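Asker: For this one, chain F is given, so just place chain R on it according to the hints.
Here the protein sequences come in this chain order: F and R.
First residue of the first sequence? That's 17 in my numbering, and the numbers climb one at a time after it.
First residue of the second sequence? That's 1482 in my numbering, and the numbers climb one at a time after it.
Treat the hints as calculated values from the structure; they're not laboratory data.
If you're wondering where the values come from, they're calculated on a predicted model, not measured in any experiment.
Positions of the beta carbon are idealized from the N, C-alpha and C atoms, including for glycine.
Misleading hints may appear alongside valid ones.
Said to hold, decoys possible - Here are some chain F residues the structure puts well away from chain R; computed CB gaps all over 12 Å: (1) 120; (2) 186; (3) 240; (4) 310; (5) 311.
As the list claims (entries may be wrong) - Derived lysine to aspartate or glutamate pairs resembling DMTMM-like cross-links, with alpha carbons at most 20 Å apart: (6) R:1759 with F:334; (7) R:1658 with R:1725; (8) F:134 with F:95; (9) F:123 with F:169; (10) F:278 with R:1569; (11) R:1492 with R:1516; (12) F:105 with F:95; (13) R:1658 with R:1561; (14) R:1759 with F:106; (15) F:22 with F:194; (16) R:1620 with R:1576; (17) F:22 with F:142; (18) R:1492 with R:1525; (19) F:278 with R:1724; (20) F:278 with R:1725; (21) F:134 with F:149; (22) R:1685 with F:284; (23) F:213 with F:229; (24) R:1658 with R:1683; (25) R:1495 with R:1525; (26) R:1564 with R:1656; (27) F:22 with F:106; (28) R:1759 with F:284; (29) F:278 with R:1707; (30) R:1658 with R:1724; (31) F:278 with R:1728; (32) R:1620 with R:1561.
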Amino acid sequence: MTEVLKVEDMSVTFELHDSEVQAMREMNFSLAEGETLAVVGESGSGKSQAFLAIMGLLAKNGRAGGRVMMGDVDLLALDSRQLDRYRGKDIAMIFQDPMTSLNPTLKVKTQLSEVLVKHRGFNQQDAVTTSIEMLERVGIPEPVKRANAYPHELSGGMRQRVMIAMALLCQPKILIADEPTTALDVTVQAQMLDLFKSLTEDFGTSLVLITHDLGVVAGVADRMMVMYGGRVVEKGVTDDLFYDPRHPYTLGLLHSTPHIAKRAVRLDPIQGLPPSLENLPKGCAFHPRCAFAFDRCLVERPPLRDVGDGRQKACFYEGPLAYGEVA
Amino acid sequence: MAHTTTLLEIKDLKKTFSIATGLFARPLTLTALEDINFTIRQGETLGIVGESGCGKSTLGRCILQLLSPDEGQVLWLGQDLTKLPAEEMRQRRQDLQIIFQDPLASLNPRMTVGEIIADPLRTLRPELNKTERRARVLKTMESVGLLPEMINRYPHEFSGGQAQRIGIARALITEPKLIVCDEPVSALDVSIQAQILNLLSELKDEFGLTLIFISHNLSVVRHVSDRILVLYLGRIVELASGDEIYDDPKHPYTRALLTAVPIPDPRLARARNIDALKGEIPSPINPPSGCTFRTRCRFAKPYCAEQRPPLERLENDRLVACHRWREIEVPQEAVLGV
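Chain F extracted, bound-state conformation:
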């Protein structure tokens, strides 16, 4: 399959008052055409920062290292004006809260058509017609009426669809969705996930889905990447990670997620709290919360390494991963 994006040894650092914080480091992955990659992690794991950096949207005190190759172009080496040639056109991003991403003072059609006029040289009238067609394609009922509405007149699900429509107008090769369904009701969430599936299957769009919801991941992702404390700790095909997790953190996440078809008496959550990036534990960042940690984990950081079948993990423990074995 064609590779559309290759991320090499990427890192994101924020400069604070008198120190630096590495929000994310040593990220490596490639994204194939039509593939859905889920990036899973809890708040502060660095999962969003990498992609904000790729889009040139880091906060002012942030800087990205490494390379992000789209064909021959390193996106990280471009300045904001050069990036504008790709941003929105080849690679687009949507966010959790569509209300804060839409301009409240402009009608939906104005915001959508602007994209076409700017990136694809449409005239105003064609741009509006195409925008309305796109609204219809993402499942917005009465698209003409909605196109003439202001964002606050639409429901949350509808606004998220407008965002997706806007992202798709230029037929980007890559769509990055940061917690796109977290604020939505389950029924609307199911509609959105359907929409994502048809995007990747029918249009060959590659999707990066940043989420903390393993239920969402199970439904749409081909591969997944689990992050903890700013690093990727496990990576592989979705089914492998769900049915045979090799990193204790992945296992812990699975045991923390309630399953609607199985009513367990108790959940088996990971104990303790996620670490602060400013003060990561020595050795493996996960060791204070890990039921499998041993001496080595306290002093040495496990590198992300191949463990066969296209899988990678960053963990020294080699024994069986089941809570039953530990007690």
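Answerer: Chain R alone, transformed into the frame defined by chain F:
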């Protein structure tokens, strides 16, 4: 577990809000809740689910008298809370507490943890002196898993999960009988969410609490609840035990909600045939005639538009409001895809 005593009985509850539309225009009426009838038994956890705008939080607040219902009764051990004078209601609040969704926003940033947790005692138990209050605060902090040295710290120093523990401690300190949990874990990370869910169930057993658990997350509700109440546009569409709701949902809306819940199991998720509900919840200002769900229901018949389905009582005190629940048979795999 025998749920015998009826702790709370809600009778014909109705709540409307008036929506201003302009300076001289007549305000519109939004009916947030109507014909709400159900009971809560001592020691049970009742889950309340539905999409945003269905009235689930309004119902929780009407029960606690944080909002005054327009009509109907909220009977607490037989006593109607809606008729209670303010001062008596204040005393009653020892028994009825609430935990909110956004833990940090619900804590006063200028008070220390100790002051926040002790606050309900100042008004509800003024006879306690400072030492007694502090002892109680420390005891409650221990039961929710907060360390004693945290007592003098401020809310911003805490993560979401710990802030929610503070909120739970504040609710527990008056030794309540019932706690309304309004989306208590929605803002939390997965691993922390599981910790708080386990904490709530431990506290429930330890203190014999009755919980009303409001959430849009059906997997979470399934996990914690004995019985589940499903609301749609301010009306009860179904009420049954957790197992009945999940194994044999009667109302098409309940079924649709269940098929939409993501399952953290890739093979199941792929095999599933999601019968996704079309469209969005209609505006409660101008709800559809007859059965309010008919506009999104694939089983709807013309007569569903004419008559509102009554809330029928089935065996085991199940409730369902659908004209066609007897006729529509949907196999189990259509619900969970397994």
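Asker: Run every hint past the structure and note whether it holds.
Answerer: Evaluation of the provided hints:
1. 120: 20 Å, holds
2. 186: The claim stands: residue 186 of chain F keeps its Cβ more than 12 Å from every Cβ of chain R (closest is about 27 Å).
3. 240: 10 Å, violated
4. 310: Since the minimum Cβ distance to chain R is about 21 Å, residue 310 of chain F lies beyond 12 Å and the statement holds.
5. 311: 25 Å, holds
6. R:1759 with F:334: Violated - the C-alpha atoms of residue 334 of chain F and residue 1759 of chain R are around 47 Å apart, more than 20 Å.
7. R:1658 with R:1725: 26 Å, violated
8. F:134 with F:95: 18 Å, holds
9. F:123 with F:169: Holds, because 10 Å separates the two Cα atoms, which is no more than 20 Å.
10. F:278 with R:1569: 43 Å, violated
11. R:1492 with R:1516: Roughly 8 Å separates the two Cα atoms, so the pair holds.
12. F:105 with F:95: 16 Å, holds
13. R:1658 with R:1561: Judged against 20 Å, a Cα distance of about 16 Å means the pair holds.
14. R:1759 with F:106: Answer violated: residue 1759 of chain R to residue 106 of chain F is near 31 Å, above 20 Å.
15. F:22 with F:194: Satisfied, since the Cα-Cα distance of roughly 19 Å is no more than 20 Å.
16. R:1620 with R:1576: Holds, at roughly 18 Å.
17. F:22 with F:142: Not OK: residue 22 of chain F and residue 142 of chain F at ~35 Å, beyond 20 Å, violated.
18. R:1492 with R:1525: 19 Å, holds
19. F:278 with R:1724: Given pair residue 278 of chain F, residue 1724 of chain R holds - Cα atoms ~10 Å apart, limit 20 Å.
20. F:278 with R:1725: 13 Å, holds
21. F:134 with F:149: Within the cut-off at roughly 18 Å; holds.
22. R:1685 with F:284: 18 Å, holds
23. F:213 with F:229: 17 Å, holds
24. R:1658 with R:1683: 15 Å, holds
25. R:1495 with R:1525: Violated, because 24 Å separates the two Cα atoms, which is more than 20 Å.
26. R:1564 with R:1656: Status violated; Cα separation ~24 Å.
27. F:22 with F:106: Distance ~14 Å between residue 22 of chain F and residue 106 of chain F Cα, so the pair holds.
28. R:1759 with F:284: The given pair, whose Cα atoms are some 35 Å apart, is violated under the 20 Å limit.
29. F:278 with R:1707: Since the Cα atoms of residue 278 of chain F and residue 1707 of chain R sit roughly 14 Å apart, the hinted pair holds (cutoff 20 Å).
30. R:1658 with R:1724: Cα-Cα ~25 Å, so violated.
31. F:278 with R:1728: Given that 20 Å is the threshold and the Cα spacing comes to 11 Å, the pair holds.
32. R:1620 with R:1561: The given pair, whose Cα atoms are some 33 Å apart, is violated under the 20 Å limit.
Taken one by one, the earlier hints fail for this structure at numbers 3, 6, 7, 10, 14, 17, 25, 26, 28, 30, 32, listed in ascending order.
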